[in-house]
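Engineer: What follows is each chain in one-letter form.
Number of protein chains: 2
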Amino acid sequence: MFDRVFVNAVDADGAPLNLAVRQGRFAAIGGERPESGGAEIVDLQGHLVLPGFVDGHIHLDKSFVGDRWRPHRPASSLRERLAVEKQQLASAAPIAERADALIRQAASFGTMAMRCHVDVDATTGLTHLHAVMQARERWRGVVDIELVAFPQAGVVSCPGTAQMLDAAVQEGAQVVGGIDPTTLDNDAEAQLDIVFGIAEKRGVKIDIHLHEPGQQGIDQLHRIAARTKAAGLNGRVAVSHAYALGDVAPDVVERIAAALADAGVSIMTNAPGDRAFPPVLALRAAGVQVFTGNDNIQDAWWPYGNGDMLQRAMLIGYRSGFYTDEELRIALNMATQAGAAVLGKTGYGVEVGNEASFVIVKAPNAAAAVAAVPAGRAIVRNGEFWGDGAATSRSLFNAD
Amino acid sequence: MFDRVFVNAVDADGAPLNLAVRQGRFAAIGGERPESGGAEIVDLQGHLVLPGFVDGHIHLDKSFVGDRWRPHRPASSLRERLAVEKQQLASAAPIAERADALIRQAASFGTMAMRCHVDVDATTGLTHLHAVMQARERWRGVVDIELVAFPQAGVVSCPGTAQMLDAAVQEGAQVVGGIDPTTLDNDAEAQLDIVFGIAEKRGVKIDIHLHEPGQQGIDQLHRIAARTKAAGLNGRVAVSHAYALGDVAPDVVERIAAALADAGVSIMTNAPGDRAFPPVLALRAAGVQVFTGNDNIQDAWWPYGNGDMLQRAMLIGYRSGFYTDEELRIALNMATQAGAAVLGKTGYGVEVGNEASFVIVKAPNAAAAVAAVPAGRAIVRNGEFWGDGAATSRSLFNAD
Chain C
5 MFDRVFVNAV DADGAPLNLA VRQGRFAAIG GERPESGGAE IVDLQGHLVL PGFVDGHIHL
65 DKSFVGDRWR PHRPASSLRE RLAVEKQQLA SAAPIAERAD ALIRQAASFG TMAMRCHVDV
125 DATTGLTHLH AVMQARERWR GVVDIELVAF PQAGVVSCPG TAQMLDAAVQ EGAQVVGGID
185 PTTLDNDAEA QLDIVFGIAE KRGVKIDIHL HEPGQQGIDQ LHRIAARTKA AGLNGRVAVS
245 HAYALGDVAP DVVERIAAAL ADAGVSIMTN APGDRAFPPV LALRAAGVQV FTGNDNIQDA
305 WWPYGNGDML QRAMLIGYRS GFYTDEELRI ALNMATQAGA AVLGKTGYGV EVGNEASFVI
365 VKAPNAAAAV AAVPAGRAIV RNGEFWGDGA ATSRSLFNAD
Chain U
5 MFDRVFVNAV DADGAPLNLA VRQGRFAAIG GERPESGGAE IVDLQGHLVL PGFVDGHIHL
65 DKSFVGDRWR PHRPASSLRE RLAVEKQQLA SAAPIAERAD ALIRQAASFG TMAMRCHVDV
125 DATTGLTHLH AVMQARERWR GVVDIELVAF PQAGVVSCPG TAQMLDAAVQ EGAQVVGGID
185 PTTLDNDAEA QLDIVFGIAE KRGVKIDIHL HEPGQQGIDQ LHRIAARTKA AGLNGRVAVS
245 HAYALGDVAP DVVERIAAAL ADAGVSIMTN APGDRAFPPV LALRAAGVQV FTGNDNIQDA
305 WWPYGNGDML QRAMLIGYRS GFYTDEELRI ALNMATQAGA AVLGKTGYGV EVGNEASFVI
365 VKAPNAAAAV AAVPAGRAIV RNGEFWGDGA ATSRSLFNAD
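Order-wise, the sequence lines are chains C and U. Anchor point for the first sequence: position 337 equals 341 in my numbering, and the numbering is continuous, going up by one each time. Anchor point for the second sequence: position 154 equals 158 in my numbering, and the numbering is continuous, going up by one each time.
It should be emphasised that the hints constitute simulated quantities derived from the structure, not laboratory data. Treat the hints with care, as some may be off.
[Claimed, not checked] Here are some chain U residues pointing at chain C (derived, C-beta under 8 angstroms):
(1) Pro-75
(2) Pro-307
(3) Tyr-308
(4) Asn-310
(5) Gly-325
(6) Leu-332
(7) Pro-368
(8) Ala-371
(9) Ala-372
(10) Val-377
Note that the coordinates shown come from a computational prediction; the quantities given were computed from them, not determined experimentally. Cβ coordinates follow ideal geometry from the N, Cα and C atoms, glycine included.
Could you put the whole structure together from the sequences, leaning on the hints where they help?
Structural biologist: Right, dumping it as structure tokens:
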């Protein structure tokens with residue numbers, strides 16, 4: 005009747021959970037241990053089962069993971085940072101290799117889907133995109149990777165970039181990116197015309213990096229919300245970082261949050277360490293979809309990160325002052341369901357009929373997992389233990 | 005000539021490191037592999053060697069680690085928080101058991117010394133102190149634990165507390181604590197009279213929790229610096245948290261930093277997630293000893309933390325905007341040497357003649373270890389692999 009039954013686990017609330025698998029899919033899920041028939045029984049020993057993590061914002065073409073350590077070099081402007089990055093990447097291993105190493109590392113922590121921003125401009129052309137697509141191909145069926153054509157240095161101010169973004173989308177990028185329309189391009193309407201133009205013409209989604217501070221950033225968000233609504237792109241536009249939301253007074257947040265919710269614009273924050281960032285609870289209360297991602301991981305931009313979305317959920321909670329179980333579960337939601345919704349991932353989560361893929365964490369419930377970020381994990385994909393440690397994982401959770 | 009030689013490691017800078025051990029102590033240390041003679045060779049496979057971590061601020065009597073998860077309950081005042089804590093602890097396992105579990109967990113991450121604040125007041129008496137001393141005894145020679153008699157609810161405003169602090173010190177607490185002299189006791193001079201009085205009379209050190217904000221907190225720091233200097237307690241007084249240092253302008257920080265450095269008052273910060281905290285670089289530049297600790301770990305105060313000082317060093321760097329290798333090493337210094345200096349730990353560190361105790365981390369250098377917080381560790385104590393995973397650790401780093 006079943007191929008395998010995982011018994012004696014707990015769900016996010018710490019309640020008993022048993023998972024029966026047939027042909028790689030969840031066939032039965034519940035608090036009661038099902039009749040196993042002749043199925044193999046795997047005892048999860050009271051540990052937590054979570055859906056696969058979703059990294060809603062990662063730069064696979066930039067990271068030095070899988071390559072040697074490169075000390076961070078300070079830069080005093082974006083142009084200087086881009087020059088440093090170019091120089092550091094010139095001596096690094098090929099993008100496809102580094103991307104592959106980072107995907108592997110993230111997958112070993114339990115990540116099963118990503119939205120990856122890939123540099124696309126007139127100089128770089130589609131080289132980064134092609135390299136990341138190559139790495140993506142190796143991981144097909146294991147980690148779902150959505151690609152964003154990302155104009156790191158601006159759009160209008162970098163001639164040829166608009167054409168390249170369009171070309172990237174035609175080659176398979178599912179999302180067109182933008183960045184700081186006012187401060188980088190000095191012409192917000194012109195950049196947004198291009199980005200929204202490509203999205204409408206090609207039927208792709210939008211994800212705009214927005215570092216613009218204070219009222220300037222809020223004005224930009226209103227502009228993006230209005231365009232999203234006008235274009236009927238509800239649920240298909242995201243703004244990443246949106247630092248401005250952390251800079252302004254609660255009544256200003258309330259007004260823009262209502263506009264973002266109404267237009268269906270989601271917000272991605274990685275909870276940066278040393279600057280203000282969007283108030284997660286206020287945005288969610290207004291109905292805004294808020295998700296998270298690791299952003300830069302050990303690259304020319306900064307040295308932090310390891311690809312672990314459970315650590316990211318902890319940082320979201322830590323920086324947001326989340327203490328209660330409900331708040332900690334919100335941080336986890338941002339790293340799981342909310343990201344899956346933004347990526348449009350179907351058949352996601354621990355539900356009958358879905359692919360039997362999940363993460364086992366040595367924690368008594370989801371709140372405890374977020375607070376303590378246990379290293380003890382095991383990954384199950386299509387009902388089978390997965391990864392370098394598959395044999396070890398299996399022995400940790402003994403089959404009878 | 006040697007009992008065991010650990011070869012092929014790297015030091016904090018990533019330079020080659022080989023460690024020869026005789027009778028549990030470092031007998032030779034260097035970039036060249038020493039003549040091993042008949043000694044056993046252990047290949048550390050290019051991984052990083054760090055000195056044991058020092059947790060400069062922990063509350064072993066409060067944590068629920070080793071007990072069941074208790075969801076955080078919000079409280080609107082200190083009094084309410086103390087009531088919630090009392091209620092939650094009433095149903096928890098005995099203090100000595102929980103303290104033992106947390107020490108074990110911290111030790112498994114590589115912590116080898118701690119400064120532990122223990123609640124002491126007229127109601128609690130010395131019960132917490134005795135329980136933590138019992139746990140400390142079990143860990144003697146493995147984790148050095150310095151005890152602070154900590155008046156959680158105030159001194160002057162809680163009759164009998166002053167006597168209990170003195171009694172705690174007579175029973176073996178090496179440090180007398182204080183807390184928010186103005187806001188809790190409404191009489192800064194009276195609390196400081198008692199705390200400094202005990203320190204001078206009994207020859208113990210001082211560590212004062214200071215959450216008082218802005219100029220109020222700065223005034224308190226000036227008061228503490230002046231008293232420290234007057235009493236000749238240079239190097240024997242610490243202020244924990246000192247949030248005020250994160251609230252005020254750089255010129256105000258500069259003045260108080262000079263006073264703290266001159267008086268030899270050190271500052272402990274855990275880099276809280278959602279409020280301003282002391283500017284580490286400015287304080288160090290002025291000559292102030294700055295150290296760190298995990299503070300509360302999964303207790304009635306907050307749900308975060310797991311006892312790992314490498315994660316704490318990452319949080320210090322993350323919150324401080326530390327990106328360069330030099331800055332990341334400063335974060336590590338706060339979790340190692342700086343803490344060891346404050347605790348007065350002798351024979352500490354990877355140096356010939358010292359106890360051959362160290363932490364092996366799967367990282368290419370110290371900066372990378374702080375940035376990524378690798379779970380892959382092994383602990384060596386007196387030249388021997390140590391801990392639950394000792395056999396595994398050993399097999400990871402194969403002996404020839």
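Engineer: Does each hint hold? Answer for all of them.
Structural biologist: For each hint, the structure was consulted:
Checking Pro-75(U) against chain C: minimum C-beta separation of about 4 angstroms stays under 8 angstroms; hint holds. For Pro-307(U), the shortest C-beta to C-beta distance to chain C is roughly 4 angstroms, which falls under 8 angstroms, so the interface hint holds. For Tyr-308(U), the suggested interface contact is upheld, since its CB lies about 5 angstroms from the closest CB of chain C, less than 8 angstroms. For Asn-310(U), the suggested interface contact is upheld, since its CB lies about 4 angstroms from the closest CB of chain C, less than 8 angstroms.
Interface restraint check: Gly-325(U) against chain C, minimum CB-CB distance 4 angstroms, threshold 8 angstroms, status holds. The interface hint given for Leu-332(U) is met, as the beta carbon of that residue sits about 7 angstroms from the closest beta carbon of chain C, less than 8 angstroms. The restraint placing Pro-368(U) at the interface with chain C holds, with a minimum CB-CB distance near 5 angstroms, inside the 8 angstroms limit. A distance limit of 8 angstroms between C-beta atoms decides the matter here; for Ala-371(U) the minimum to chain C is near 7 angstroms, and the interface restraint holds.
Checking Ala-372(U) against chain C by beta carbon gives a least distance of about 5 angstroms; that is within 8 angstroms, so the hint holds. Contact between Val-377(U) and chain C, as hinted, is supported at the beta carbon level, the nearest pair being about 7 angstroms apart and thus within 8 angstroms.
The structure shown violates none of the earlier numbered hints.
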